[in-house]
Amino acid sequence: MKELLTLFTRRRILIGAGGAVALTAAGFEARHLLHKRYAPSPYDDLLKLLDDRDADAQIGEAVLAEIDDFDPKAVANDLRARLSRHSLAELVASNAAEGQLVEAGGWVLPETLGLLCALAAKAAA
Amino acid sequence: MSAFIDARNVPAGTVLTPDLVIVGGGPVGISLALTLASTPLRIVLLESGGMTFDAKTQALYDGSKVGAPYLSLEATRLRYLGGSSNHWGGWSRPLDALDFEERTWLPHSGWPFGRKEIERYFARAHTLCEAGPLLYDRLDKLALPVGPMLPLGEGGMITRWFQFSKMRNSQLPTHFGDRYAEDLKRLPRLSVYLHANATRLGLDATGKKINQVDVATLSGRKFSIKPKAVVLGTGAIEIARLMLASNDVNPAGVGNDHDMVGRFFADHPIPRDTATLVLFNGQLASYYTQSQTIHGVLVRAGLFPSEAFRRARAVMGSSITIENKTELDDLGKAAVATTAAALGVNADDAATYSLGCGMEMTPDPDRRITLSDERDALGMPKSKLHMRIADSDFARFRETLKELGRQLLASRTGMLRLNLKTRSEWLEGMDWGNHHMGTARMHVDPRKGVVDANSQVHGIANLFVAGSAVYPNYGAANPTVNLVALTLRLADHLKGVLR
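In the order they appear, the protein sequences are chains Z and C.
Sequential numbering of the first sequence, starting at 1, is according to the numbering used here.
Sequential numbering of the second sequence, starting at 1, is according to the numbering used here.
Bound-form chain Z, shown alone (with noise of 0.2 Å):
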């Protein structure tokens, strides 16, 4: 009787930690698929710091239409510099209290904001 029990709580956790696999795996799957996947660009390790790049595309579009020249590798390279040494929250108020603006569709952003945003928008085109 004992030895039917011991088998028998075996059995449903073996069961239960199949289950919990297979709903793992699941999981995993379906964040896997609803996640939206980006075409790799030389801006992902930026664009990481960034929650919705679509939205910020979107901005990213307004900044450039304000930008004559703008240089994306540059930009890139320039915000790599700044925020190896702070982070962007760091940088955003530091923006913010020097004045360092610029506008997207009229939207008043901190400059390493808008400029993220804008190489979200290159790396979506």
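Honestly, the hints are just simulated from the structure, not real lab data.
A couple of the hints might just be wrong.
[To be verified] Listed below are the simulated DSBU-like cross-link pairs for lysine-lysine, each with C-alpha atoms no more than 35 Å apart in a straight line: (1) Lys421/C / Lys48/Z; (2) Lys382/C / Lys185/C; (3) Lys73/Z / Lys402/C; (4) Lys384/C / Lys209/C; (5) Lys448/C / Lys208/C; (6) Lys73/Z / Lys421/C; (7) Lys421/C / Lys65/C; (8) Lys333/C / Lys73/Z; (9) Lys222/C / Lys209/C; (10) Lys325/C / Lys56/C; (11) Lys333/C / Lys48/Z; (12) Lys402/C / Lys48/Z.
[Said to hold, decoys possible] Residues from chain C that keep clear of chain Z, each with C-beta distances beyond 10 Å, as calculated: (13) Asp19; (14) Trp105; (15) Thr293; (16) Leu378; (17) Leu416.
[Said to hold, decoys possible] The following label-pair restraints were derived from C-beta to C-beta distances: (18) Ala89/Z / Arg447/C: 57 to 65 Å; (19) Pro69/C / Asp78/Z: 41 to 49 Å; (20) Glu66/Z / Leu378/C: 51 to 59 Å; (21) Pro69/C / Glu66/Z: 23 to 31 Å.
All of these numbers come straight from a predicted model, not from anything done at the bench.
Note that CB positions come from ideal geometry on N, CA and C, so glycine has one too.
For this one, chain Z is given, so just place chain C on it according to the hints.
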């Protein structure tokens, strides 16, 4: 008590001989008459209209305009007792000290005196305008019962306060005609003539003194006044018209030896929906969006460039008001979400508002009133406005708005969208303050101004101009309280010279 006199019943050819004639029964004329009542001066006050609006009288304001879009000259002012206070919104605020200063970056800037010269008149001006005790920016230091001021942090934009005229405990602004008619009737040495239009300022043979003012009514009656002194207290457009049209002795008109009469006209541009304000936490004290009584005074808060910012950035005066709640488009929603996330603030409860404003114009000698070839029902040449507005005025105000946007970000309070950029966008939603200024500007040099520091017309001993026509620079403050204060200063001067 004496009733007002209907000029249409004055016998033709009558000659009145008061000490002083005041042309215009608006806030200037009424304030001046009330203030001089304590003197022995015998005063005649001429008002073109009656006690209420009359279309035929109003049509005397008809005129033409060329250049930049502007209001109809007939619609932008009112011609009956109380004048344009009859459509006043009651907004009050003294000019800033900076408004009086000469600025190297601003051509034609500077008054002949500083603000201190008229400060002592503001209390009495407030009494006449029924705008309550002078609190304004002292409210910053008093307890505010309905929430704190916007946290804008360090920067060029600050919260400042408007006060409002409140007639007889109602919420209405003071209409000077209604409010003071009975007081005027009680003054023993004052005669108020209604329906009486000054049609000519008659210079004597020397051209240095006014010896006659011609008066006409729409009914055809004509009479004249031979006063010791004359004060022109109508609006700025009408002052220029009367001075220019009085050209029988001097072909250039009265006081116009240097071609300055009519020049430097200005108003306050009020472009609508200039910007969109987002407050991340959605919190906004109600005194920003509507007038309300605080510490016994009807007030409303606005956002203004500090004088330090105006000096440092070479921008004109302006005022920004927070208006209606509004909705964001997709780009706006994205901008708010991304910016709030980057700043590390929660924008789940964000609120969005449209912003209104009042702008100061750059002084421009070519924005002017001249006479047209058309004549009104009294035979006087009509006014012609040459309207101009500089792109730099829009650019400077946009800089001011951008500073507000910067401060909102830096203080993590919110963010701003600048809604207008091109000239056509600025002009498309343009309204105006109906604040007519300039045309008889004050300057110590007769080549640069029409009146001297005492409001006396250069070269004419007994002719004075009162009101916002004398403003050499305009500021962003609503003019009524200021022009009444200037009038009270002129009253003190007249008490001395007409003794």
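Given the proposed pairing of Lys421/C with Lys48/Z, does the C-alpha separation stay at or below 35 Å?
holds (33 Å)
Distance restraint evaluation - Ala89/Z, Arg447/C, Cβ atoms, bounds 57 to 65 Å
holds (59 Å)
Does the structure keep Lys402/C and Lys48/Z at a Cα separation of 35 Å or less?
holds (29 Å)
Lys222/C and Lys209/C were given as a pair; does the straight-line alpha-carbon distance stay at or below 35 Å?
holds (22 Å)
Beyond 10 Å from every Cβ of chain Z: is that where the Cβ of Thr293/C lies?
holds (34 Å)
Between Lys333/C and Lys73/Z, does the CA-CA distance stay at or below 35 Å?
holds (28 Å)
With a cut-off of 35 Å on the C-alpha distance, tell me whether Lys382/C and Lys185/C pass.
Holds, at about 32 Å.
For Asp19/C, is the shortest beta carbon distance to chain Z beyond 10 Å?
holds (59 Å)
Trp105/C non-interfacial with respect to chain Z [C-beta, more than 10 Å]:
holds (19 Å)
Take the C-alpha atoms of Lys384/C and Lys209/C, compute the straight-line distance between them, and say whether it is at most 35 Å.
Roughly 27 Å between the alpha carbons, so the hint for Lys384/C and Lys209/C holds.
Go ahead and decide if the range 51 to 59 Å is satisfied by the Cβ distance of Glu66/Z to Leu378/C.
holds (55 Å)
Can you confirm whether the C-alpha distance between Lys421/C and Lys65/C stays at or below 35 Å?
holds (25 Å)
The structure fails to meet hints 10 and 17 from the earlier list, while all remaining hints are met.
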